Amino acid sequence: MVDAARPAVAFRTPRFGEGAAAWLLSLPAVAAYLLLLLIPTLAVAALSFTDFELGLPGARFVGFENYAELLRDRGFAKSVGNTLVFVGLVAPASIAAGLGLALLIEAGARGRTFFRAIFFLPVVSMIVAMATAWQYLLHPTIGPVNAALRALGLGTPNWFGSSDWVLTSLGFISIWENAGFNMVLIMAGLTAIPRELYAAAEIDGAKSAWARFRLVTWPLLGPTMVFVTIITTIRSIRTFDTVATLTQGGPNKASELIVYTIYQEGFTFLRMGYAAAMTVVFLAAVLALMLIQTRLVERRVHYG
Amino acid sequence: MYGRRSWFADLPRLAILGICAAVVLLPYAWMLAVSVKPRSEVFSAALSLLPEVWYAAENYGRVFAEVPIGRYLVNGVVVCGLILAFQLAFALPAGYALAKLRFRGRETLFAFVMLGLLVPAHVPAIPLYIAFANAGLLNTYTALAAPFAISVFAIFLFRQFFRALPDDLIAAARIDGMGEASIVLRVALPNAWPAATAFAIFSVVAHWSDLFWPLIVVTKGDLYTPALGVLYFRAEEAGDDYGALMAAATLVTVPLVAAFLLAQRRFIEGITMTGLKG
Numbered sequence: 001m002v003d004a005a006r007p008a009v010a011f012r013t014p015r016f017g018e019g020a021a022a023w024l025l026s027l028p029a030v031a032a033y034l035l036l037l038l039i040p041t042l043a044v045a046a047l048s049f050t051d052f053e054l055g056l057p058g059a060r061f062v063g064f065e066n067y068a069e070l071l072r073d074r075g076f077a078k079s080v081g082n083t084l085v086f087v088g089l090v091a092p093a094s095i096a097a098g099l100g101l102a103l104l105i106e107a108g109a110r111g112r113t114f115f116r117a118i119f120f121l122p123v124v125s126m127i128v129a130m131a132t133a134w135q136y137l138l139h140p141t142i143g144p145v146n147a148a149l150r151a152l153g154l155g156t157p158n159w160f161g162s163s164d165w166v167l168t169s170l171g172f173i174s175i176w177e178n179a180g181f182n183m184v185l186i187m188a189g190l191t192a193i194p195r196e197l198y199a200a201a202e203i204d205g206a207k208s209a210w211a212r213f214r215l216v217t218w219p220l221l222g223p224t225m226v227f228v229t230i231i232t233t234i235r236s237i238r239t240f241d242t243v244a245t246l247t248q249g250g251p252n253k254a255s256e257l258i259v260y261t262i263y264q265e266g267f268t269f270l271r272m273g274y275a276a277a278m279t280v281v282f283l284a285a286v287l288a289l290m291l292i293q294t295r296l297v298e299r300r301v302h303y304g
Numbered sequence: 001m002y003g004r005r006s007w008f009a010d011l012p013r014l015a016i017l018g019i020c021a022a023v024v025l026l027p028y029a030w031m032l033a034v035s036v037k038p039r040s041e042v043f044s045a046a047l048s049l050l051p052e053v054w055y056a057a058e059n060y061g062r063v064f065a066e067v068p069i070g071r072y073l074v075n076g077v078v079v080c081g082l083i084l085a086f087q088l089a090f091a092l093p094a095g096y097a098l099a100k101l102r103f104r105g106r107e108t109l110f111a112f113v114m115l116g117l118l119v120p121a122h123v124p125a126i127p128l129y130i131a132f133a134n135a136g137l138l139n140t141y142t143a144l145a146a147p148f149a150i151s152v153f154a155i156f157l158f159r160q161f162f163r164a165l166p167d168d169l170i171a172a173a174r175i176d177g178m179g180e181a182s183i184v185l186r187v188a189l190p191n192a193w194p195a196a197t198a199f200a201i202f203s204v205v206a207h208w209s210d211l212f213w214p215l216i217v218v219t220k221g222d223l224y225t226p227a228l229g230v231l232y233f234r235a236e237e238a239g240d241d242y243g244a245l246m247a248a249a250t251l252v253t254v255p256l257v258a259a260f261l262l263a264q265r266r267f268i269e270g271i272t273m274t275g276l277k278g
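Those protein sequences? They're chains U and C, same order as listed. Anchor point for the first sequence: position 196 equals 196 in our numbering, and the numbering is continuous, going up by one each time. Anchor point for the second sequence: position 93 equals 93 in our numbering, and the numbering is continuous, going up by one each time.
Since the hints were derived computationally from the structure, they do not count as laboratory data. Since the structure is predicted, the reported quantities are computational estimates derived from the model, not experimental observations. Honestly, I wouldn't trust all of these hints.
[As the list claims (entries may be wrong)] Pairwise CB distance ranges (calculated):
| id | chain 1 | residue 1 | chain 2 | residue 2 | range |
| --- | --- | --- | --- | --- | --- |
| 1 | C | Ala85 | U | Gly155 | 49 to 57 angstroms |
| 2 | C | Val77 | U | Ala77 | 49 to 57 angstroms |
| 3 | U | Gly250 | C | Ala181 | 50 to 58 angstroms |
| 4 | U | Ala45 | C | Gly179 | 49 to 57 angstroms |
| 5 | U | Thr156 | C | Glu52 | 22 to 30 angstroms |
| 6 | U | Ala59 | C | Ala65 | 27 to 35 angstroms |
| 7 | U | Ala59 | C | Gly105 | 28 to 36 angstroms |
| 8 | U | Thr156 | C | Ala235 | 22 to 30 angstroms |
| 9 | C | Ala85 | U | Glu202 | 51 to 59 angstroms |
| 10 | U | Ser162 | C | Ala164 | 25 to 33 angstroms |
| 11 | C | Gly179 | U | Ala284 | 19 to 27 angstroms |
| 12 | C | Leu14 | U | Ser208 | 33 to 41 angstroms |
Where is the CB? At the ideal position from N, CA and C, for every residue including glycine.
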């Protein structure tokens, strides 16, 4: 149908057809995609079957040896465990914080722009710099937080120095960083809920704010919340900056997170074949998480 | 949400928000405070934010004297600028082609774009590093910027945006004798500003603060990005001189935070609209 209108135009562009023009326009992007994304990603998979080390001549094909070593590697198991605990702490907490802040801000007209700006501030701040500020705040002896705790007669943990606390402290910084981001996404979801539904729910007997939240807000916010959950999980599983700045995985590997472990294995120890195997596992985990969560979306979005 | 309320009835809500805001602002307040305090006050663990002796000149002076912080900031601007320029140059025409042109392979191409969205930037890092090392390109702007020249997210964003562009507009341009390339430049591009601005903010925020990749490909001080600069100053020069360290942290944080406070709505729109890539 559209093709009938085409020839007149085609006459004016005699040198290339639409298809040729489209490929020409896409060519730079396609070339860059192949060179910088697709080939390197396939190369990671290929490298993971070798014992390649930068600077050493010749790499051997070792089959699944790297993967077998990963299974035996206590440090890697520790890193995966830490990452699971970390994501399990950061994702729910920063989603809950984002939801709480969004609901509180939307519950009234005053201070909307002001509070939204403040809670969003960490998103545009450089984490390396802010982590340094947190490190001073949480310094075991000269930090204001512990000074306040001392004044209240409470215990003063060594926030980044003790293996019991370090993951919690880093997690707290990540929650601080992600809450405002989630808040803005959730606020966008809240604005999309038609006002009449609240009035209708009230007439139908939903008198309390909690009843209205349960009957209207929560079900209609479903798709937004699943989206926020996916993003937050992926953002927290990739945490690197705070670890690299503050703890380098210490003390005693208590704050080794997967991306930092990959970085160290690949770029400090230069065992790139082995690090590539870790990367493949990391990518598989990220893809699996996305798949599980999108499956949940499909089930949830249709409101049962 | 449920109509206007009196100040009094609104007070509990504002109080809770106020306390949360104070917690969020805590590191900013102390970063600024410590950056103008002398050493003795920093180490006294006092809870007062304001310094007894004003020590700003000494702390900030020490940063400028000991590290080329201006150079780091310029590097940050150059790298972010290069990345953004290439991302736009690659993604705008591709996004237009995917949205408005019919061609064989379009669905496959778009499927690859969606596939690319799933891959975190850490995944291709090892082969890219090996390639840059073999090409002798470590410690160059090329190594810092090149891996991010392609943004599948930008292609996806512009494709969605251009789909909303009226077909009549493009048909009219074709009748005027414009080729597809000049349609991109003279019809699509001028209409793409909202999407381009949003993407630009997202991209600059992400790459100004990035640590992972610069840490891998840069070992020489004159190519340090702001994030590397702070890390280096922390490890090598500042020691336990928190005053100077916080002065350095303030200097690298201020540019984006100031831009954010000036164009708050655009920033929030840009980063959340592009939130998909996180």
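Which of the listed hints are broken here? 2, 4, 6, 10, 11 and 12
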